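Colleague: Next come the chains, spelled out residue by residue.
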Amino acid sequence: MLHTFVAYVEDKPGVLTRVASLFRRLNINIISLTVGRSERSGYSRMTIVADASDQAGHRIRASLYKLEDVAEVDDISGISAVTRELALIKVAANAENRSGVFELAEVFRARIVDLAPESMMIEITGVESKIEGLIQVLNERENRVLEVCRSGKMTMRRGHHTSRVLRAMGLSTEAPARDDEASEFHSPVDPE
Amino acid sequence: MTHGESDFHPHTLTRLTGAEILWATLVGEGVTEVFGYPGGAILPAYDALRKFPIRHILVRHEQGAAHMADGYARASGKVGVAVATSGPGATNLVTGIATAMMDSIPMVCITGQVASKVLGTDAFQEIDITGITLPVTKHNFLVSRAEEIAPAIRAAFQIAQSGRPGPVLVDITKDAQQATAIFDFAAARPRPYTPHPMLHCTDQRLHQAAEMIRKAERPVILAGHGILQSRAGEQIRSLAERMQIPVGMTLLGLGAFPASHSLNMGMMGMHGESWVNQAIQEADLLIACGMRFDDRVIGTPVTYATKAKKIHIEIDPAEINKNIPVDVALVGDLREVLEQLLPLLPGRDGSAWLRLIEESKGSAAVRDIRNLPDSGHLYAAHVMHDLWRITEGRAIVATDVGQHQMWEAQYYHHDHPRTLITSGGLGTMGFALPAGIGAKFACPDREVWVIAGDGGFQMTACELATIAQEKLKINIAIINNGYLGMVRQWQEFFYERNYQSTPLVSPDFVKLADAHGIRGAAVHTRADVERVVNEARQHDGPFLINFLVEQEDSVYPMIPAGSALHEMIRRPDQNPLIETPQDH
Ligand SMILES: Cc1ncc(C[n+]2csc(CCOP(=O)(O)OP(=O)(O)O)c2C)c(N)n1
Ligand SMILES: [Mg+2]
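Note that the protein sequences, when read in sequence, are chains A and B. Residues 1 to 192 (our numbering) are what the first sequence spells out, left to right. Residues 1 to 584 (our numbering) are what the second sequence spells out, left to right.
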């Protein structure tokens with residue numbers, strides 16, 4: 001299954017290698033990985049999507065935490081969250097067949113961000129299936145898809161859980177933190 | 001270079017070179033010995049060493065330095081330190097670092113690196129050692145400024161010792177060693193250590209575990225290395241005694257619970273005693289304490305202790321449900337968890353279960369080679385048994401990897417913590433001699449025995465010269481069977497006795513010792529063992545004994561890799577009397 005992790009990591013050289021190396025060691029394929037600055041200075045935020053067995057989530061999270069540069073790890077597989085991906089898609093288009101692409105873009109709530117005599121560039125954000133849907137219909141038209149650049153998934157939990165992050169970073173929290181560890185071990189006789 | 005003048009005070013605020021800061025920080029961390037080997041990129045550090053009260057032990061190969069730091073840490077519980085130059089010096093450390101990583105040993109390795117302005121240019125003796133050691137260290141640092149040295153070293157010490165311990169490497173560029181900075185030991189203190197956020201041991205889980213223990217009819221404690229690491233020997237003893245629970249030991253756990261204790265069944269796993277493995281298979285509850293269900297211990301996961309519920313007490317959350325799914329996980333420091341658990345356990349009568357285990361020993365005692373009449377042949381088991389008897393089980397024993405390692409584990413009964421120094425996880429041949437040297441530095445007043453096979457001994461035999469140079473009183477027992485014995489045993493059992501590349505021609509080890517100015521003697525009969533062992537012990541200096549043992553003897557019992565624990569190959573009823581070269 002696909003697992004999605006959000007990790008806050010220290011913003012310094014070599015951190016990406018350490019995180020990537022952990023997945024390599026476990027022979028787990030990273031489907032997508034996005035990194036960028038976060039709301040905390042000195043910390044980057046990663047969204048990691050990986051394909052691994054159903055039980056692997058606990059071990060990956062626990063192992064990520066063992067990396068010195070990792071401050072916070074959230075396993076949000078199957079948890080209510082907003083997930084987005086950004087894609088830039090360049091298609092072949094000329095004066096004759098351009099308008100169809102404009103129409104499509106409108107239907108998909110995408111934007112045309114570049115227009116040249118022989119091509120157009122579409123910018124689209126959304127969930128994975130929406131982006132894949134657009135690429136599919138583009139492929140069905142005579143407008144050939146020339147280039148696709150996708151950011152990979154970015155994910156944020158809905159609601160209030162931010163307090164956990166603040167706590168992990170030693171900052172004050174208003175709302176009491178939810179205890180996520182309770183369901184950690186999937187134990188048959190563990191009623192928690 | 002030995003002790004320098006110790007007018008140095010680590011708490012004074014002064015401008016020092018990076019090299020001086022390195023040693024000053026180590027002094028501040030309590031380091032008194034380092035094991036190392038110099039070279040160009042670490043030369044500034046070596047130049048500054050004479051000003052500091054740190055003894056440098058010159059090794060003969062950097063792998064030896066890493067194993068010595070490792071043995072030092074295992075024997076003392078403190079952090080061991082190894083030093084090497086860039087390039088080949090650093091890569092030679094790697095096997096030793098990996099050995100420490102697999103067994104969770106606190107160790108700090110310091111390597112020189114080429115100057116920061118040529119980093120990444122393939123400069124002479126430049127190697128990306130932080131890249132190379134990334135998977136075999138708990139963490140590593142590349143330091144390119146003098147200011148960063150003290151914080152990096154202090155963080156390294158904290159990381160190496162905290163939580164589940166492990167090795168840390170600090171790679172310091174030559175220019176960082178040469179530049180100057182203000183040295184402020186206190187200000188270089190790392191952030192306070194934060195435990196792994198997934199440690200989890202709620203009252204509810206504790207009560208659940210206690211209830212399972214109270215209700216169990218056939219419980220077994222699995223005692224691992226974590227008991228030594230968290231100094232939980234007392235607590236394990238209370239748990240076992242109060243609840244009358246038999247204890248099975250992992251290889252690295254040996255010594256954590258006294259071998260002579262009536263509840264200690266002995267070692268489990270691939271070469272564990274049959275009744276221990278049988279007890280595990282029959283158990284209705286396993287209480288795993290600071291152990292990780294290694295494949296050498298469980299045989300195969302599907303058939304492992306299928307009747308038992310499992311409680312896992314462990315500090316590393318990543319170990320939970322890794323190899324064996326468990327019913328209750330108490331994730332935290334073993335000693336702290338047991339201290340919370342013990343008040344919930346009033347006591348219990350376990351005699352019926354203990355009697356069953358006693359009965360399951362059956363014919364084991366008659367099969368034991370020690371109880372066979374002396375046939376004139378020397379068996380490794382005899383040597384181990386006699387060494388144990390003569391040293392009264394009090395020596396620190398460093399073993400190598402192979403058959404002799406298993407015989408030692410079976411026949412040298414460790415009653416005291418940190419008296420067995422052995423490479424369990426990586427199984428690194430060549431470990432014993434340097435690790436024994438490290439242990440001797442950690443415990444100079446203790447009797448230290450190195451027990452190595454004829455194969456593994458030759459992997460790091462160069463360290464005999466270190467023993468001679470440092471004038472160490474270390475006793476060395478080579479269990480010489482003329483084979484890479486453990487591999488030969490596998491060939492015998494699983495490859496139709498095709499002894500491909502396992503017969504071994506060795507130098508005359510006694511002469512080799514002699515060439516180093518080390519006394520030695522050869523032993524080929526059981527009758528001579530005691531006399532020569534005593535001669536070695538009484539000799540005021542290192543002593544090497546070449547024990548010429550039965551060549552095609554095998555370690556029993558044995559669970560073939562991938563089989564279930566109860567599918568073991570028992571000791572033969574009568575040991576085959578194989579002829580030795582001495583018969584001819
Ligand atoms: C560095 C290394 N290389 C290879 C092995 C594989 N191996 C395990 S035991 C063994 C034989 C060891 O022979 P020896 O040192 O003579 O000990 P014995 O088994 O005969 O007691 C070998 C080759 C290893 N563990 N470590
Ligand atoms: Mg041998």
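Honestly, the hints are just simulated from the structure, not real lab data. Treat each hint with caution, since some may be false.
As the list claims (entries may be wrong) - Computed cross-link-like contacts, SDA-like style, restricted to lysine to any residue with a CA-CA straight-line distance of at most 20 Å:
1. Lys361/B / Leu263/B
2. Lys66/A / Lys361/B
3. Lys322/B / Tyr65/A
4. Lys78/B / Met102/B
Claimed, not checked - Taking CB as the label site, the calculated pair distances span:
5. Phe494/B / Glu132/A: 25 to 35 Å
6. Glu147/A / Asp128/B: 25 to 35 Å
7. Glu496/B / Gly36/A: 56 to 66 Å
8. Val148/A / Gly40/B: 30 to 40 Å
9. Ser116/B / Arg24/A: 24 to 34 Å
10. Gly14/A / Phe494/B: 42 to 52 Å
11. Pro135/B / Ala56/A: 11 to 21 Å
12. Asp349/B / Arg24/A: 44 to 54 Å
13. Ala56/A / Glu530/B: 50 to 60 Å
14. Ala56/A / Leu342/B: 50 to 60 Å
Predicted model only: the values in this text are computed from it and were never measured. Don't be surprised by glycine CBs; every beta carbon is placed ideally from N, CA and C.
Colleague: Okay, which hints does this one fail, numbers in order?
Modeller: 2, 5, 8, 14
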